[in-house]
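Q: Chain order of the listed sequences is A and B. Under the working numbering, the first residue of the first sequence carries the number 1, and numbering increases by one thereafter. Under the working numbering, the first residue of the second sequence carries the number 257, and numbering increases by one thereafter.
In case anyone wonders, no lab produced these hints; they're calculated from the structure. These numbers were taken from a predicted model, which means no experiment stands behind them. Note that CB positions come from ideal geometry on N, CA and C, so glycine has one too. This list has only true hints and no planted wrong ones.
Here are the computed lysine-lysine pairs in the DSS-like style, where the Cα-Cα straight-line distance is at most 27 Å:
1) Lys108/A x Lys436/B
2) Lys442/B x Lys126/A
3) Lys121/A x Lys153/A
4) Lys126/A x Lys425/B
5) Lys442/B x Lys153/A
6) Lys226/A x Lys78/A
7) Lys78/A x Lys442/B
8) Lys435/B x Lys108/A
9) Lys435/B x Lys153/A
10) Lys59/A x Lys435/B
11) Lys442/B x Lys121/A
12) Lys78/A x Lys423/B
13) Lys436/B x Lys153/A
14) Lys78/A x Lys105/A
15) Lys78/A x Lys435/B
16) Lys435/B x Lys110/A
17) Lys110/A x Lys442/B
18) Lys105/A x Lys436/B
19) Lys315/B x Lys325/B
20) Lys64/A x Lys25/A
21) Lys110/A x Lys96/A
22) Lys121/A x Lys425/B
Per label pair, the in silico range of CB-to-CB distance:
23) Asp223/A x Ala357/B: 57 to 65 Å
24) Phe330/B x Lys96/A: 44 to 52 Å
25) Glu328/B x Pro90/A: 44 to 52 Å
26) Asp236/A x Leu364/B: 55 to 63 Å
27) Lys66/A x Ile426/B: 24 to 32 Å
28) Ile13/A x Leu375/B: 36 to 44 Å
29) Lys96/A x Phe317/B: 48 to 56 Å
30) Thr499/B x Thr170/A: 53 to 61 Å
31) Leu375/B x Thr170/A: 46 to 54 Å
32) Ala165/A x Leu364/B: 34 to 42 Å
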Amino acid sequence: MKEILTLDKVGLIYHSPVGETQAVKNMSFSVAEGEFVAMIGPSGCGKSTVLNMIAGLIKPSEGKIKLNGEEVSSAAGKFGYMLQRDELFPWRTIRKNVTLPLEIKRIKNKENEDYAFGLLKKYGLKEFADHYPDQLSGGMRQRVALIRTLAAKPDLLLLDEPFSALDYQTRLSVCEDVFRIIREENKTSVLVTHDISEAVSVADRVILLSSRPAAVRKEYTVDFDKDLSPLKRREDPRFRDWFELLWRDLNDENER
Amino acid sequence: MKTKDEFSREHLLYLKRRRNDKIFVNCARVALIIIFLALWELFYRLGAIDGFIFSAPSKIFKSLVNLTKTGELFKHAGITLFETVAGFAIATSIGTLVALALWWNDRLRRILDPYVVVLNSLPKIALGPVIIIWFGSGTKSIVVMTILITVIVTTITMLSGFTATDKNKIFLLKSLGAKKPQILTKLVIPSSLPTFISMLKINIGLSWIGSIMGEYLVSRAGLGYLIVYGGQVFKLDLVYAATLTLCLLATGMYALVSLIEKITVGKKQTS
Ligand SMILES: Nc1ncnc2c1ncn2[C@@H]1O[C@H](COP(=O)(O)OP(=O)(O)OP(=O)(O)O)[C@@H](O)[C@H]1O
Ligand SMILES: [Mg+2]
Chain A
1 MKEILTLDKV
11 GLIYHSPVGE
21 TQAVKNMSFS
31 VAEGEFVAMI
41 GPSGCGKSTV
51 LNMIAGLIKP
61 SEGKIKLNGE
71 EVSSAAGKFG
81 YMLQRDELFP
91 WRTIRKNVTL
101 PLEIKRIKNK
111 ENEDYAFGLL
121 KKYGLKEFAD
131 HYPDQLSGGM
141 RQRVALIRTL
151 AAKPDLLLLD
161 EPFSALDYQT
171 RLSVCEDVFR
181 IIREENKTSV
191 LVTHDISEAV
201 SVADRVILLS
211 SRPAAVRKEY
221 TVDFDKDLSP
231 LKRREDPRFR
241 DWFELLWRDL
251 NDENER
Chain B
257 MKTKDEFSRE
267 HLLYLKRRRN
277 DKIFVNCARV
287 ALIIIFLALW
297 ELFYRLGAID
307 GFIFSAPSKI
317 FKSLVNLTKT
327 GELFKHAGIT
337 LFETVAGFAI
347 ATSIGTLVAL
357 ALWWNDRLRR
367 ILDPYVVVLN
377 SLPKIALGPV
387 IIIWFGSGTK
397 SIVVMTILIT
407 VIVTTITMLS
417 GFTATDKNKI
427 FLLKSLGAKK
437 PQILTKLVIP
447 SSLPTFISML
457 KINIGLSWIG
467 SIMGEYLVSR
477 AGLGYLIVYG
487 GQVFKLDLVY
497 AATLTLCLLA
507 TGMYALVSLI
517 EKITVGKKQT
527 S
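Chain A extracted, bound-state conformation (with noise of 0.2 Å):
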């Protein structure tokens, strides 16, 4: 399968005037078209820092980073950043949320809205379009965001703790759309998370890291079936081996 996304031997040092902070250091993996990916790691191994410089907000100090064969250089917008709060802007209507990136990326016109809106159809939040963010669940509102994520057609979504915020009922259901409205839409994903459950009962592949400085300390490939959902995964007597194999070898790093 077609690669769409390369970190060679990146690595970044936060300075501030109280020292340097080498946040990652000689990070490399890859992420196919359409690959679910997740990473795991220690609190505060360096995870969003990660993502951050996948989306160009932050330059690496060294190494490359290449999407499509192209080195990254700015929040170009090929990317969708999915936060852990929704963010969505309190004064806009839902429809006008979703449809904040188009403004942004000055992409605004009539098939690009069309599409967004289909979204909000297709997902079973056309009734809220015009509603305002305050008269949603938390649940509905991570919705949006995601179909805000969507709205500009990115090639790769970013997903930073999307859930962490939700209570574990809705977080489970929340993450069971998100995950088969990233399906449906043939979307290619990096999902960081603290929980090793949520990862594996979504990812294709999890990566593990290393406490700070973050780097790759191992990979496994999740042999699920690439379509089986969330919740089936979690019911699936091999879910139980790769919490545990996962939940060891996440702990080995955090003794470290």
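Since chain A is already given, all that's left is putting chain B with the ligands on it; use the hints.
A: For chain B with the ligands alone, kept in the frame of chain A given last:
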């Protein structure tokens, strides 16, 4: 949402109780002022308070009627209103623009920071003599005084509103490839709207302080002038009449801003 004729009995009761509560509050408000005025008048008639010093509602009313008949009231009120509104408008625009410039250029903000602090703590009235020398003893000086009193607070309030913009939302826009102008127009300005409205409310009070202070210092006309003049010649009815007019005008301006608030902020969230 259910429509009016499908409301349950409890809901109708609730609505009724709410309406009655509102009526009570409004009645109490009116009653309070009527009782106050009646007692004042009563004490005056009974000779319990000195009408020369404390005046009385009837005397103030008479004085207002006289001032209206001669047209003086409108003349003085008009002058002060003009000074206030002009100072308010100019100070609000300049203050907001400066705040925008300081938000835009962080280095500029850091350079100017100590100056803003000093200017803010300086009692602007101390500049009175200088202003009179520069701008003469007329309307111009008073407007300048109003601007000086209002502009720094405007800048500080708006700047803190702009810089309080949610960092995560800025991050989101940046991840979409937004540059500074877009971050400003799509996020910073709309999210600072409530700050802007409360700043307008503060500025109304400040610009009245500015214009009346200015008139105390220099003027030959205006409500502030009437008050000072009335005090000097011991026509206290005049002082009270002018003060009352001032109250009404300031309240009117405040109501106007509240209306703007309802239109702009009120419509976005029903919750
Ligand atoms: N702007 C910055 N300046 C200096 N140090 C930073 C900066 N941002 C992050 N760091 C440091 O870099 C390290 C990695 O941060 P990062 O946010 O990427 O970790 P993370 O794995 O996403 O953490 P979490 O699990 O809490 O989400 C942390 O130790 C953090 O303190
Ligand atoms: Mg993080």
